[in-house]
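Heads up, the sequence shown is in this note's numbering, so the first residue is 1318 and it goes up one at a time.
Be aware that one or more of the hints could be misleading.
[As the list claims (entries may be wrong)] Calculated pairs, SDA-like style, for lysine to any residue (alpha carbon to alpha carbon, straight line, at most 25 Å):
id, residue 1, residue 2
1, K1661, F1521
2, K1376, S1400
3, K1411, M1564
4, K1729, L1649
5, K1411, T1624
6, K1678, R1713
7, K1537, F1558
8, K1643, L1375
9, K1643, W1630
10, K1643, E1657
11, K1457, V1569
12, K1503, M1481
13, K1402, T1383
14, K1503, V1543
15, K1460, M1493
16, K1687, K1643
These are calculated hints, taken from the structure and not from any lab test.
Owing to the predicted nature of the structure, the values given are computational and were not obtained by experimental measurement.
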Amino acid sequence: MTTKSFILSLCAISAALTITSCTDHSRSGFPELDEWAREVVSEKYNELGYPVNQDIRLKGFYEWYTANNLDIAGLNNVGDPFSGKPSALLSSHKFEREVIEYFAPFYGIDKDEVWGLISNSGTDGNCNGIYFGVNYLRNKTGKEPVFYVSDEAHYSNMRLAHVMNLDIRLIRSDDMGRMIPEELDKAIDPTRPCLIVYAMGSTFKGAIDDQAALNAVLAKYPGMEVYRHVDAALFGGYLPFTEHRDMVDKRVLNYQSIAISGHKFFGMDEPNGLLLTTREVYDNQTQFDVPYLNADMKMISCSRSSTSALKFWWLIKNVGSGQWEKDAAQLLDNTAYFKEQLDKIGYPCWLDEYSNTVIFKRPCQDLVSKYYLACSSDERFGGDLCHIVVMQHVSRDRIDNFIRDLSASLDK
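Whole structure, please, built from the sequences with the hints as guidance.
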């Protein structure tokens, strides 16, 4: 090979490498960022302690999104998605409305009476639900409500009560985390309206407040105006797709609003959720007219994600209720299987009814770290505890792997 030919060959190789590096979208040019991305993807299926569905079904969405150059368009779902008023901002309100109307019947709310939005998170859904409850009761009675919630409900409810300066009554729960009806009865102040949050899946034990029993307590005070908000972040995702769907049906339980997370059962890749209520509740809110948005802003959040609405719409069309029914059945079946495997090796564990959250005695720190376990403590159960939330990605093979690791750790 001549010197000239050798140089030309080197140039060709260099050009090919340059083209390859330019088209290798997995490389950002920042090694620490690329390493973090690889670690997330390699570790995601080991995350067993938190209610995140790692079987994300949005690859096709992102291909469509970038193919249509929406990654260089600024969108904002500010304002009421049901107002019908044009906004100065580009939005996906049309799809947000369709998502809310699609889900409304699954929660026993008629499409003609539903109002809702796609929230920024489960906490944001609770925030708007509680805020709506305060305004609804205040505007109807002229009195400040008392806020009732169990001591094992998600901490966001207590935090939000603190932010809104509400008079909070923390109601004691039973051993498995359910609000005790008799304790609620003792705390009731019938001279003021009642704003109560029902936990549908308490944070650590996966407990569901017995709404029928609690409603029976409230019925003893017919002169007391009541607003019920359901914090159904995780369980509100899968229960509508099971035989237990009445547990989230407004016609059965007479709640006024409900918040469900999108990044849990439904498999969104970022925090968001659904807030569902009725026109009657929304119309009894304090008005805040914002002329430059041509809108009445009754909700707390101003800006909301247009992309979240599009993702939800995409999942409805490409996954839908049929697959969600299969997911819910598999999730509960695998939860029962996991409990059975722990029982077989005689390992202390507990499971609430209708729950996909198994709590058990805390294992060694190596397992806590490897499987990203969530930990707590309760002397009623012998002290330190962990839980595993059996989401869609927690297959029987992964459960078996955990059981093998747990058994091995006990033999040491």
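Verification of the hints:
no. : hint             : verdict
1   : K1661 with F1521 : holds, 23 Å
2   : K1376 with S1400 : violated, 32 Å
3   : K1411 with M1564 : violated, 29 Å
4   : K1729 with L1649 : violated, 32 Å
5   : K1411 with T1624 : holds, 12 Å
6   : K1678 with R1713 : holds, 20 Å
7   : K1537 with F1558 : violated, 33 Å
8   : K1643 with L1375 : holds, 18 Å
9   : K1643 with W1630 : holds, 19 Å
10  : K1643 with E1657 : holds, 21 Å
11  : K1457 with V1569 : holds, 24 Å
12  : K1503 with M1481 : holds, 24 Å
13  : K1402 with T1383 : violated, 28 Å
14  : K1503 with V1543 : holds, 16 Å
15  : K1460 with M1493 : violated, 34 Å
16  : K1687 with K1643 : violated, 29 Å
Checked against the numbered hints listed earlier, the structure breaks hints 2, 3, 4, 7, 13, 15 and 16; every other hint is satisfied.
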